[in-house]
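Undergrad: Protein sequence lines, in the order shown, are assigned to chains A and B.
288 is the number that the numbering used here gives the last residue of the first sequence; the numbers go up by one with no jumps.
288 is the number that the numbering used here gives the last residue of the second sequence; the numbers go up by one with no jumps.
A portion of the hints provided could be inaccurate.
Pairs count within a copy or across copies, as identical chains cannot be separated in the list.
[Unchecked claim] Within a straight-line C-alpha distance of at most 25 Å, the following computed PhoX-like cross-link-like pairs (lysine-lysine) qualify: (1) 83 / 50; (2) 176 / 165; (3) 225 / 237; (4) 165 / 237; (5) 196 / 237; (6) 16 / 176; (7) 16 / 50.
No lab work stands behind these hints, which were simulated from the structure alone.
Small disclaimer: the values here were computed from a predicted structure and weren't measured.
If you want the building blocks of each chain, they are given just below.
2 protein chains.
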Amino acid sequence: MRIVTSVAAMQRLALKWNQRRTPIGFVPTMGYLHAGHISLVGKARQSVGKRGVVVVSIYVNPTQFAPTEDFASYPRDLPRDEKLCRDAGVDVLFVPDDRQMYPARKSALFSTYVVEECLSRGMESASRPTHFRGVTTVVAKLFNIVRPDVAVFGAKDFQQAAVVKRMVRDLNLPVKVVVAPTVREADGLALSSRNKLLSASERAQAVALWQAIRQARQTVLASRKPIPASRLKCALKWLIETRPAARVDYIEFFNPETLQPVAEARRGAHMALAAWVGKTRLIDNARL
Amino acid sequence: MRIVTSVAAMQRLALKWNQRRTPIGFVPTMGYLHAGHISLVGKARQSVGKRGVVVVSIYVNPTQFAPTEDFASYPRDLPRDEKLCRDAGVDVLFVPDDRQMYPARKSALFSTYVVEECLSRGMESASRPTHFRGVTTVVAKLFNIVRPDVAVFGAKDFQQAAVVKRMVRDLNLPVKVVVAPTVREADGLALSSRNKLLSASERAQAVALWQAIRQARQTVLASRKPIPASRLKCALKWLIETRPAARVDYIEFFNPETLQPVAEARRGAHMALAAWVGKTRLIDNARL
Numbered sequence: 001m002r003i004v005t006s007v008a009a010m011q012r013l014a015l016k017w018n019q020r021r022t023p024i025g026f027v028p029t030m031g032y033l034h035a036g037h038i039s040l041v042g043k044a045r046q047s048v049g050k051r052g053v054v055v056v057s058i059y060v061n062p063t064q065f066a067p068t069e070d071f072a073s074y075p076r077d078l079p080r081d082e083k084l085c086r087d088a089g090v091d092v093l094f095v096p097d098d099r100q101m102y103p104a105r106k107s108a109l110f111s112t113y114v115v116e117e118c119l120s121r122g123m124e125s126a127s128r129p130t131h132f133r134g135v136t137t138v139v140a141k142l143f144n145i146v147r148p149d150v151a152v153f154g155a156k157d158f159q160q161a162a163v164v165k166r167m168v169r170d171l172n173l174p175v176k177v178v179v180a181p182t183v184r185e186a187d188g189l190a191l192s193s194r195n196k197l198l199s200a201s202e203r204a205q206a207v208a209l210w211q212a213i214r215q216a217r218q219t220v221l222a223s224r225k226p227i228p229a230s231r232l233k234c235a236l237k238w239l240i241e242t243r244p245a246a247r248v249d250y251i252e253f254f255n256p257e258t259l260q261p262v263a264e265a266r267r268g269a270h271m272a273l274a275a276w277v278g279k280t281r282l283i284d285n286a287r288l
Numbered sequence: 001m002r003i004v005t006s007v008a009a010m011q012r013l014a015l016k017w018n019q020r021r022t023p024i025g026f027v028p029t030m031g032y033l034h035a036g037h038i039s040l041v042g043k044a045r046q047s048v049g050k051r052g053v054v055v056v057s058i059y060v061n062p063t064q065f066a067p068t069e070d071f072a073s074y075p076r077d078l079p080r081d082e083k084l085c086r087d088a089g090v091d092v093l094f095v096p097d098d099r100q101m102y103p104a105r106k107s108a109l110f111s112t113y114v115v116e117e118c119l120s121r122g123m124e125s126a127s128r129p130t131h132f133r134g135v136t137t138v139v140a141k142l143f144n145i146v147r148p149d150v151a152v153f154g155a156k157d158f159q160q161a162a163v164v165k166r167m168v169r170d171l172n173l174p175v176k177v178v179v180a181p182t183v184r185e186a187d188g189l190a191l192s193s194r195n196k197l198l199s200a201s202e203r204a205q206a207v208a209l210w211q212a213i214r215q216a217r218q219t220v221l222a223s224r225k226p227i228p229a230s231r232l233k234c235a236l237k238w239l240i241e242t243r244p245a246a247r248v249d250y251i252e253f254f255n256p257e258t259l260q261p262v263a264e265a266r267r268g269a270h271m272a273l274a275a276w277v278g279k280t281r282l283i284d285n286a287r288l
């Protein structure tokens with residue numbers, strides 16, 4: 001496995017692969033890898049085959065964090081990530097630093113952003129208004145540097161995957177976006193690098209997000225009529241907040257194509273939620 | 001010369017050229033071509049050589065026009081443009097329509113924009129606040145479709161060229177941007193497709209923009225001290241507006257790297273201006 005830290009070197013390598021028709025599979029991450037990320041690497045390998053190359057990037061992108069958020073405390077462990085990537089058969093680990101990604105000369109600061117104005121409204125962006133602008137900008141940059149044929153994103157970040165797919169379509173990026181299923185702990189908690197930040201007690205309570213999804217599924221399946229979304233939200237909020245460390249940020253039911261909220265929860269609708277467990281904000285989602 | 005109207009076909013062609021290491025030179029235009037555009041085609045050919053390909057796009061991009069602007073009356077003449085491109089040795093003329101560039105399904109409208117937030121402030125954007133957002137978005141799309149090694153822009157649109165160069169750097173687009181000098185009529189008027197919209201009397205008065213540039217150069221050269229920009233602006237505005245059909249939109253003196261206005265006009269500073277001549281808005285610029 002080759003480790004590349006320079007944007008120019010990564011792009012040269014990618015352009016060479018493009019010329020040789022070597023398919024490139026790409027998994028952009030913020031590091032602190034877990035089995036969810038490794039499943040994305042597997043999907044990337046599956047897409048490009050043996051003669052293709054799989055690139056994983058690790059970059060905790062500052063522009064997708066608000067000043068009040070956990071950029072500084074976001075977990076990092078590069079040696080561990082290196083080993084996991086090597087074991088997973090990754091060909092190139094791309095690990096740029098901030099000066100590589102956002103070079104700032106005094107006379108020419110970074111000033112170009114990619115913004116998606118439709119799917120990036122509501123849900124995550126209600127609490128994190130500049131988050132998706134940071135995501136689309138860094139993903140566009142990474143796509144231009146790594147020049148992948150296929151890029152794999154996790155379904156845990158459902159809205160992010162939808163926004164990235166829309167960006168790819170709108171800007172005519174020649175990249176196929178694959179969304180791979182969420183990987184869960186035995187009790188159902190969605191794998192996330194942020195789970196590391198939970199205390200033992202918080203970890204036990206964090207399963208509330210998944211339990212809320214299961215409860216919503218059961219309610220919808222058991223009911224002969226669609227359920228008013230507002231009533232179900234209240235019930236699920238109550239369910240989650242019975243755990244002392246848990247506070248709901250949002251619960252939403254929506255059309256999985258348009259991300260438009262629906263007034264009634266029924267089978268086929270999608271549910272997403274965010275909750276604070278102690279000082280850690282977790283998200284999850286699933287189809288009902 | 002091949003004419004391509006489909007985005008998918010153009011991108012397939014470009015990806016094939018990338019794989020064959022065929023250099024691609026690209027000249028994005030809004031059509032109604034004149035000798036200025038043809039000089040850009042010459043630069044593109046010079047950059048990619050005989051074994052390279054030169055692509056010209058013709059697309060009057062709606063997203064860079066405000067609803068009040070001249071999108072509908074912008075001059076168009078495809079048969080004439082085709083002949084000019086053929087004679088200039090263009091390999092591919094890419095002529096997408098709006099449905100190709102901004103496909104709008106009911107459930108998934110176009111919603112992603114590229115925005116440059118620094119160089120695109122002031123001057124052109126003061127009168128045309130959403131103009132550069134439209135330019136950067138369509139140029140990013142065209143770059144992703146045509147995948148050029150070199151793209152050539154005209155110096156007449158000085159701020160546009162600066163914004164595009166910044167976008168290319170910030171988003172890591174692997175494209176070399178070349179800016180080619182403004183081509184002028186015998187009397188100094190900068191070539192522009194919009195000159196077609198001028199009446200004979202307006203055409204005679206339109207030379208005022210170039211005369212203001214020459215006057216500014218002479219004033220700066222003749223003076224032992226830098227000239228307060230505000231004083232020079234007043235004098236030039238008066239000079240231009242002595243023509244009955246001419247009204248100044250802005251005159252600006254600025255640092256050509258940062259586009260920051262300077263308080264004093266001196267040699268090496270850059271000057272740009274926009275003026276209405278009748279109902280047509282013209283721009284010009286030059287180094288003093």
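Undergrad: Pop the pair residue 225 and residue 237 into one bin, within, between, both or neither, using alpha-carbon distances up to 25 Å.
TA: within (21 Å within a copy, 71 Å between copies)
Undergrad: Classify it for me, residue 196 with residue 237: is the Cα-Cα distance of at most 25 Å met within a copy, between copies, both or neither?
TA: within (24 Å within a copy, 65 Å between copies)
Undergrad: Check residue 83 against residue 50 for me: Cα-Cα at most 25 Å, and say if that holds within a copy, between copies, both or neither.
TA: Classified as within; 20 Å inside a copy, 48 Å across copies.
Undergrad: Using 25 Å as the alpha carbon limit, work out where residue 165 and residue 237 are close: within a copy, between copies, both or neither.
TA: neither (30 Å within a copy, 49 Å between copies)
Undergrad: If the cutoff is 25 Å on CA atoms, where do residue 16 and residue 176 land: within, between, both or neither? Let me know, please.
TA: For residue 16 and residue 176, both the intra-copy (19 Å) and inter-copy (17 Å) Cα distances are at most 25 Å.
Undergrad: If the cut is 25 Å between Cα atoms, do residue 176 and residue 165 qualify within a copy, between copies, both or neither?
TA: Within one copy only: 9 Å inside a chain, 27 Å across chains, cut-off 25 Å.
Undergrad: Measure nothing new, just compare the shortest in-copy and cross-copy C-alpha distances for residue 16 and residue 50 to 25 Å and report within, between, both or neither.
TA: both (18 Å within a copy, 22 Å between copies)
Violated hints amount to a single one, hint 4; each of the other numbered hints is respected by the structure.
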